[in-house]
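S.K.: Each protein sequence line maps, in turn, to chains A and B.
Here the working numbering is used: the first residue of the first sequence is 1, the next is one more, and so on.
Here the working numbering is used: the first residue of the second sequence is 217, the next is one more, and so on.
By construction, these hints were calculated from the structure, which means they are not laboratory data.
For each residue, glycine too, the CB sits at the ideal point set by N, CA and C.
Heads up, some of the hints might be wrong.
[Claimed, not checked] Per the computed footprint, the stretches of chain B lying under chain A, defined by three or more beta-carbons under 8 Å from a beta-carbon of chain A, are: (1) 245-257; (2) 266-275; (3) 279-285.
[Stated by the list, open to error] Just a sample of chain A residues kept apart from chain B, beta carbon distances all over 12 Å, derived: (4) Ala-3; (5) Gly-19; (6) Pro-49; (7) Cys-153; (8) Pro-156; (9) Arg-187; (10) Gly-193.
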Amino acid sequence: MAADPRRLAAAYVEHALAGDKPRALATVLEPLRDERIELTALYDEVLAPASAHVGDLWHSGEITVADEHFSTRLTQEAMARARALAEARAQERRGRVVLACPPDEHHELGLRMLEDVLEADGWEVHALGAGTPARDLVAYVAKVRPVAVALSCGTPIAIPGLLEAVELLRAGDPGVRIVLGGRAVERYPAIAGAAGATATFTTLAEARSGIAALAG
Amino acid sequence: MTRDAAEIALHQHVVARRATDLVYERMPELAGAYGPHGRHACERDAAFHVRFLLASVAIEDRSVFEDYAVWTRDLLARFGIPAAHVAAAFEAVGDALEELLPTAAATALPYLEAGEAALGR
Chain A
1 MAADPRRLAA AYVEHALAGD KPRALATVLE PLRDERIELT ALYDEVLAPA SAHVGDLWHS
61 GEITVADEHF STRLTQEAMA RARALAEARA QERRGRVVLA CPPDEHHELG LRMLEDVLEA
121 DGWEVHALGA GTPARDLVAY VAKVRPVAVA LSCGTPIAIP GLLEAVELLR AGDPGVRIVL
181 GGRAVERYPA IAGAAGATAT FTTLAEARSG IAALAG
Chain B
217 MTRDAAEIAL HQHVVARRAT DLVYERMPEL AGAYGPHGRH ACERDAAFHV RFLLASVAIE
277 DRSVFEDYAV WTRDLLARFG IPAAHVAAAF EAVGDALEEL LPTAAATALP YLEAGEAALG
337 R
């Protein structure tokens, strides 16, 4: 029977905030192992909303920084184990994709989720991580010439850096395909227009199919 | 980015510093209330105000700064800092912009005012 993502997310947060690491990990990994949920849905519908909820609890002062940090590390561990399960299933090999967070963006969990689902689909993923300087990103893209560049912007403070990165990428190669995602991009659709992105994705499922479509 | 946003980005640290000076000129009692580290915290917060304002101006969407204003108000309230002080800091950022970057200020002020209005909601 398929797992219910909402119930998994609620149980995962409950166990994580109780400090029950084994039960939290088992809550999200057992359904993946039993093929009651697939990797993209586990990230999109369980771990991403769980992380957002934990972030909101911190914002509203209901949990401490230590609780939030532990939950984030736990999610990273869950992802590492989930990735190991998913990698064994990857078959087809595809093109190259560069992933990065713009300058001032230090939240890379979403980017790492995208890395895992694209790797599982057979893409050669070059993940540059958090706070990548715009000029270094442009130089790297010119060197490896990917099918697409995906930039993740989770916090509004990184918007100017994101716009700068897209401007410089376009100046370096007007044809470069640039796709945007992340919580800020989802909340403020004006970002996509101001940046002149090729496409914007609000879920990993959209990003998977969208990047595949861009590659033709 | 627009020219005004780029100008604010280039001079954001100077604007934050000037805004802090203005806050302490207008409310000298802050020095006694928040101690020697208060001024440093004020300048750090002013830098965040300017950066979120810049983000809002850069994509021409006031809701970025409005959301930030509400979040800041609620966060600082937990440390006993009243919303009036946040509003005063926003006004100081506006005055610093008008003094230092008058062209960009004309573009940015409606965004700041939207944030101030959001503080009262």
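S.K.: Would the non-interface assignment of Arg-187 (chain A) survive a Cβ cutoff of 12 Å against chain B?
M.R.: violated (8 Å)
S.K.: Grab the minimum beta-carbon distance between Ala-3 (chain A) and chain B and tell me whether it stays above 12 Å.
M.R.: holds (33 Å)
S.K.: When you look at the beta carbon of Gly-193 (chain A), is every beta carbon of chain B farther off than 12 Å?
M.R.: Check fails; 8 Å does not lie beyond 12 Å.
S.K.: Is the Cβ of Gly-19 (chain A) more than 12 Å away from each Cβ in chain B?
M.R.: holds (24 Å)
S.K.: Do three or more residues of the region 279-285 of chain B come closer than 8 Å to chain A, measuring C-beta to C-beta?
M.R.: holds (count 4)
S.K.: Looking at Cys-153 (chain A) again, its CB stays over 12 Å from all of chain B?
M.R.: violated (10 Å)
S.K.: Take a quick look at Pro-49 (chain A) and tell me if its Cβ sits farther than 12 Å from every Cβ on chain B, holds or violated.
M.R.: Holds, because the least Cβ-Cβ distance between Pro-49 (chain A) and chain B comes to about 19 Å, which exceeds 12 Å.
S.K.: Counting residues of the region 266-275 of chain B with a beta carbon closer than 8 Å to any beta carbon of chain A, are there 3 or more?
M.R.: Coverage by chain A holds here, the residue count being 7 at a Cβ distance below 8 Å.
S.K.: Using Cβ atoms and 12 Å as the threshold, tell me whether Pro-156 (chain A) really stays out of contact range of chain B.
M.R.: Given that some Cβ of chain B is not farther than 12 Å from that of Pro-156 (chain A), nearest at about 5 Å, it is violated.
S.K.: Residue count check for the region 245-257 of chain B against chain A: does it reach three with CB-CB under 8 Å?
M.R.: Answer violated; 0 residues pass the 8 Å Cβ test.
Hint compliance for this structure: hints 1, 7, 8, 9 and 10 are not met, and every other hint is.
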